[in-house]
Amino acid sequence: MAGAAADLCLRPRRTRELPAMLEAAARLGYGVVAVEEPGDWRGSRGEFKSLLRRLAGEHGVEAYTRVTFEASTGSQVVEEARRLVVEYDLVAVKPSTAEAARIAARDPRVALVLLPPSMARYMDRSEAEMIAAGGGAVELRLAYLAQQRDPRRTLRGLLIVARRAAAYEAPLVVTSGARSVWGLWHPASAASLLVVLGLPPSYAKLAVTGFPRRVIATKRGGG
Amino acid sequence: MLSVIAAALAVAAVAAAISLHRRARRLEEELKGVKSALEEVRSVEGEVRVIRRALGAVLESVEAEELAERLRRKRRRRYIAFQVISEGEPPPPEELEKAIVDAVRRLAGEVGVADARPRLVYYDPRTGEGIVGTTHAGKYLVIAAMGLVRSVAGRRVLIAPIRTAGTIRRARRALARRR
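Respectively, the protein sequence lines represent chains A and B. The numbers in the working numbering rise by one with no breaks, and the one at position 123 of the first sequence is 1189. The numbers in the working numbering rise by one with no breaks, and the one at position 90 of the second sequence is 203.
So here's chain B without its partners, still in its complex pose:
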């Protein structure tokens, strides 16, 4: 009786061991599949990295080319017609130009002055009307700086920008129309 039970137990144990062995083999094969999938993912990741680096280099060169193109392009000038409202007589042109340039320097420093290059291209000291030339990129800076000018040659002033034009002729026309 005991030997029968023992034999049955032994058979059950062997069957269990065989089943476990089969499961282990199956798991091993699945694991091999996962490992190979993982290797595939790693190789794809490596390729993506290479492509990204290549794209980065291409974009940098495109940006560099665009920047070079912008620097090669002719710098556009702008002319700001303005009117000086002053206490008494309008100020002299040299002092007025100096005041505008100083105001640009206060706002944006020496680089701002060099970049905007504000110059008084026309000025009538009897009426206080004038035109300041600047670059296209510097026009907002110069117009803002005009607002900061409050005193020229000891006289209180306000500089009122009238119109921004691409040529001196159009700026003079804006002044004439205003009269």
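Just chain A, with the same shape it has in the complex:
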């Protein structure tokens, strides 16, 4: 799996953690990463992209910029996606209502629909079909596990999203959502977790390799 794996969500807290995270990602076997701007970044988006590409290139990793925004209405999804797709390579939506989830699934500019464990029930057949038809994917972020002392409740939500995505054949992308080196996941561990949640091993492997690469190929924005 070395080099073929992709982690489409790194969220470094500070710019100075970025080189270590990229090095660690390369060491863990990732060939592709997508990174959100750190909170302390004060330069322009173009400058961040240049810095990211340079640092990632030093470790043999392809890097893309990404942004996640929360939306509660359909119009919010459309307006923000239209604005952000010009500036970032990948645009992800974290919907807080069923309406926003539906519009995000259908919007051709949205690459990833992030369903947190609390929103697992919004993942149904029609949602999955719309996402699959649009070329996007459902994002399953493993950072939610680290936020709980007892991961059982979080696991239940992740389990529902993962199983329904597999059942309705929607592309599923597993991301670490790492804020630092210590938040990264090895691709084999991430895929094995999906198998433990009940998914077939072949589908679990695609969630860390083929599906993320497909999202980048079809949804890369003009950022």
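To be clear, the hints were calculated from the coordinates, so they are not data collected in a lab. In this text, a Cβ means the ideal position worked out from N, Cα and C, and glycines have one as well.
Partial chain A-side listing against chain B, Cβ under 7 Å, derived:
id	residue
1	1094
2	1248
3	1251
4	1252
5	1254
6	1255
7	1258
8	1259
9	1261
10	1262
Using the hints, position chain B against chain A.
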């Protein structure tokens, strides 16, 4: 004149009655045929039920036999070569093994731990390289649990699985190749 009409009416009535009687006889015979067909269908249904029950019993015994065969079969072991990436020195082996077992327990409970039986069979505390033994069925669980281990003996760690092998020798070879 009236008597002729009455006689004609009477003849017509008798003819109608005879025709109705004949139709009724015909319908009665048809009904007998339907009843016998229905009885035949019922008896066939009964036989199908018996056959289904017999098949069910046969399948159950086949499944039971397959399950018994699986339990009799020797349990296959798997060995997962891994590398610990840590903040500072790699953690000590006892703490590392405990952390992996605890992570398996968090994911799958005591039954999961008993079934997977994760054991540290080799570990080099200088390099952080090691091998965890588990069962064939438990390998995904142990590899997933490795991802949950983020801290051992107060140090932040990442456990990177390198390769899963059927023997300890192959797992050690994977570690050596990596060096």
